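Protein chains in written order, with my numbering: chain A, 1 to 335; chain B, 1 to 318.
In short, the hints are calculated from the structure, not lab data.
In this text, all values refer to a predicted model and were calculated from it rather than measured experimentally.
Careful: at least some of the hints might be erroneous.
Computed footprint of chain A on chain B, listed as stretches where at least three residues anywhere in the stretch have a Cβ under 8 angstroms from a Cβ of chain A [stated by the list, open to error]:
no., region
1, 98-108
2, 303-317
Computed Cβ-Cβ distance ranges for the label pairs, DEER-style [as the list claims (entries may be wrong)]:
no., chain 1, residue 1, chain 2, residue 2, range
3, B, P227, A, D283, 38 to 46 angstroms
4, B, A135, A, G246, 20 to 28 angstroms
5, B, G84, A, A208, 49 to 57 angstroms
6, B, G201, A, R133, 28 to 36 angstroms
7, A, G274, B, R252, 20 to 28 angstroms
Quick reminder that beta carbons are idealized off the backbone N, C-alpha and C, glycines included.
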Amino acid sequence: MKIGIASFAHVHAAGYADLLARWPGVEVLAADPDADPGDSTRGVDLAAQLGIPLVPTYEDLLAQNLDGIVVCSENSRHRPIVELAARAGVHVLCEKPIATRLEDARAMIDACAAAGVALMIAYPVRFSPHFQRLKDTVAAGQIGNVLACTGTNNGQIPIDARAWFVDPELAGGGSLTDHTVHVADLLLDLLPAAPESVYAQTNTILHADRVSVETGGLVLLTYPDGTIATIDCSWSRPPAYPTWGGVTLQVAGDEGSVGTDIFGEAIRGWGRGGELWHSYGADLDALLLTQFLQVARGERAPEPDGAIGYTTLQIVTAAYESVRTGQPVLMSEVQ
Amino acid sequence: MGSVKVGVLGAGSMGREHADAWRKLGVPVTIYSRTASAGKLLAEQSGAKAVDSLESLLSEVDVVDICTPTDTHAELVRAAAGAGRHVICEKPLARTAADAVALIEECERAGVQLHVAHVARYFPEYAAIKSTVDAGDIGKPAVLRLSRSINWPPGNRTWFLDNERSGGLLVDLMIHDYDLARWIAGDVARVFARTVAKSGGGYARAYAILTHVDGAITHVQGEFSLPGNAFRSTIEVAGDAGLVQFDSAADRSFELHSTTPLPDLPKQPYADQLAEFLVAIEGGSPPRMSTTDALAALQIALAAEESGRTGAAVEVSA
Numbered sequence: 001m002k003i004g005i006a007s008f009a010h011v012h013a014a015g016y017a018d019l020l021a022r023w024p025g026v027e028v029l030a031a032d033p034d035a036d037p038g039d040s041t042r043g044v045d046l047a048a049q050l051g052i053p054l055v056p057t058y059e060d061l062l063a064q065n066l067d068g069i070v071v072c073s074e075n076s077r078h079r080p081i082v083e084l085a086a087r088a089g090v091h092v093l094c095e096k097p098i099a100t101r102l103e104d105a106r107a108m109i110d111a112c113a114a115a116g117v118a119l120m121i122a123y124p125v126r127f128s129p130h131f132q133r134l135k136d137t138v139a140a141g142q143i144g145n146v147l148a149c150t151g152t153n154n155g156q157i158p159i160d161a162r163a164w165f166v167d168p169e170l171a172g173g174g175s176l177t178d179h180t181v182h183v184a185d186l187l188l189d190l191l192p193a194a195p196e197s198v199y200a201q202t203n204t205i206l207h208a209d210r211v212s213v214e215t216g217g218l219v220l221l222t223y224p225d226g227t228i229a230t231i232d233c234s235w236s237r238p239p240a241y242p243t244w245g246g247v248t249l250q251v252a253g254d255e256g257s258v259g260t261d262i263f264g265e266a267i268r269g270w271g272r273g274g275e276l277w278h279s280y281g282a283d284l285d286a287l288l289l290t291q292f293l294q295v296a297r298g299e300r301a302p303e304p305d306g307a308i309g310y311t312t313l314q315i316v317t318a319a320y321e322s323v324r325t326g327q328p329v330l331m332s333e334v335q
Numbered sequence: 001m002g003s004v005k006v007g008v009l010g011a012g013s014m015g016r017e018h019a020d021a022w023r024k025l026g027v028p029v030t031i032y033s034r035t036a037s038a039g040k041l042l043a044e045q046s047g048a049k050a051v052d053s054l055e056s057l058l059s060e061v062d063v064v065d066i067c068t069p070t071d072t073h074a075e076l077v078r079a080a081a082g083a084g085r086h087v088i089c090e091k092p093l094a095r096t097a098a099d100a101v102a103l104i105e106e107c108e109r110a111g112v113q114l115h116v117a118h119v120a121r122y123f124p125e126y127a128a129i130k131s132t133v134d135a136g137d138i139g140k141p142a143v144l145r146l147s148r149s150i151n152w153p154p155g156n157r158t159w160f161l162d163n164e165r166s167g168g169l170l171v172d173l174m175i176h177d178y179d180l181a182r183w184i185a186g187d188v189a190r191v192f193a194r195t196v197a198k199s200g201g202g203y204a205r206a207y208a209i210l211t212h213v214d215g216a217i218t219h220v221q222g223e224f225s226l227p228g229n230a231f232r233s234t235i236e237v238a239g240d241a242g243l244v245q246f247d248s249a250a251d252r253s254f255e256l257h258s259t260t261p262l263p264d265l266p267k268q269p270y271a272d273q274l275a276e277f278l279v280a281i282e283g284g285s286p287p288r289m290s291t292t293d294a295l296a297a298l299q300i301a302l303a304a305e306e307s308g309r310t311g312a313a314v315e316v317s318a
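Sequences and hints are given; from them, build the entire structure.
Written out as structure tokens, the structure is:
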């Protein structure tokens, strides 16, 4: 199989490229035309480090008889690349969030549907074996009817790896854009319906000296059947934190509760260099790519697909509107 | 502790907790409960004296300690102040903000002290979080998370489950955490809250999102948990220079697994709290919890209750 990486802008691009480069039966190549020529963390330098071929443009990349393409540009630049990929008949795995504006997401979904190519969104957390087990536990009725969910996706501010994450034009916003969507995707996978109404509050106290976007955020989702879920999307892990952050989800039912700390499997300690954190959990990006390769081979439909990407972006859009008005916002008001 | 005599009103779970704490402090206690048998039993078990009327109690004590349901606080605070007795009153101070404001004024005019028993500030883990933040160790508080989970129904306090009387989870349980959030990150401007419950009772959970005047945001979670679940409280404060956490479930200072049910131990924070109130009553420094704090916590709680009822975010009245 031949897989293209479109852009090294996203922090995950190198990880995907590295996994695919070592994947049996997979050939990987990349294009990173928007990189600054002198930026050694991208472009020619990164491709050389990864040991993968680099072609000059996305058009060049898509002319290589690809089975699939992984879109890792800045959030607001996903659309043109995905539209190009659709015209070239190449299946797409697109980084999250799908886009920064709902109209862009809609255009991407329509373009892929019209071309008959798959559009999958990079939400690796739902492939965690712990989340799968949590879903199975709920589906088996072991906690009764779901009443409430408490979710967190707290991390360190991603500014050092990639500065565009805190640029509102390129990213769409700060932590509310970056960290609401993973938990929102888990909830869409777990619960029978999308939320009906969204309330959110954000602030800019964390890292105020370096950025102007929101860095703290709390979201409360209300569902048609009365279920409630909250999402903490804050970039609230300090530089001294021993790992990048994590995702937690706790689900309370009327007969029990179940929870998961997705990235919590780690050996912890104290060493010469400070606090130690050695993770031994599953590689969720590898699980994500396994799914995408099956999609690219036509063996399965994409999941999570563009529609899920759209709904998670809708939740984020409603959240920003709620921050603006100071009141809950109906999902139906945000199309 | 000098020669102060305390009268405890109410023989429910808080009456018991307070009576035990006073005994620990070596303070003589008189008990009055409208349920005579409960008052008598508590008196026997805690080495106190039971009387059969409020008037008897008021005539023989210096301090009245009100441990009755919330909607009875106002009349009892007034009775105590009217008799010239200093007042300790369990949280929440009253069922309405108007009552709370009036009680504070009336005690002041009567020349008696009023102390509201928000015991969470006296739990050493919360005091440690507060002093860590005050020392600047984590910088300016930005995002706070507090949770509290107690068993349903809490002891024999069935009035608790009547939302009209108690305000439910959003008021009676979560007021502890509204006060702690305010203590750590300052006054609260706005609240959005929602509750969900198992139909027929037996379980409930509520969330409140607080927006503070100085910009911090707080996630408060309260729960009446299913039978068999242990009490649990957690707190996390993320500031612009660091992060601090506490989880009661991670506390290994005493751990027992046994088929024999454990009796409930009297909790030291209740004694520490009452001791601090007594110091103030005897002319020493004011306690860490003021009536201003108690009123503010109640206002947040009532805003949460209103938000839960109306579905809208509610501004907290100053």
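To see whether the hints hold, each was checked on the structure:
Counting residues of the region 98-108 of chain B whose beta carbon lies closer than 8 angstroms to any beta carbon of chain A gives 0, which falls below the threshold of three, so the coverage claim is violated. With 3 residues carrying a beta carbon less than 8 angstroms from a beta carbon of chain A, the region 303-317 of chain B meets the three-residue requirement, and the given coverage holds. In this structure, B:P227 and A:D283 meet the distance hint of 38 to 46 angstroms, their C-beta atoms being roughly 40 angstroms apart. Taken as a hint, the range 20 to 28 angstroms holds for the pair B:A135 and A:G246, whose Cβ atoms sit roughly 27 angstroms apart.
Our hint of 49 to 57 angstroms for B:G84 and A:A208 holds, since their Cβ atoms are close to 52 angstroms apart. In this structure, B:G201 and A:R133 meet the distance hint of 28 to 36 angstroms, their C-beta atoms being roughly 30 angstroms apart. Hint check: A:G274 to B:R252, Cβ distance near 24 angstroms, so the stated range 20 to 28 angstroms holds.
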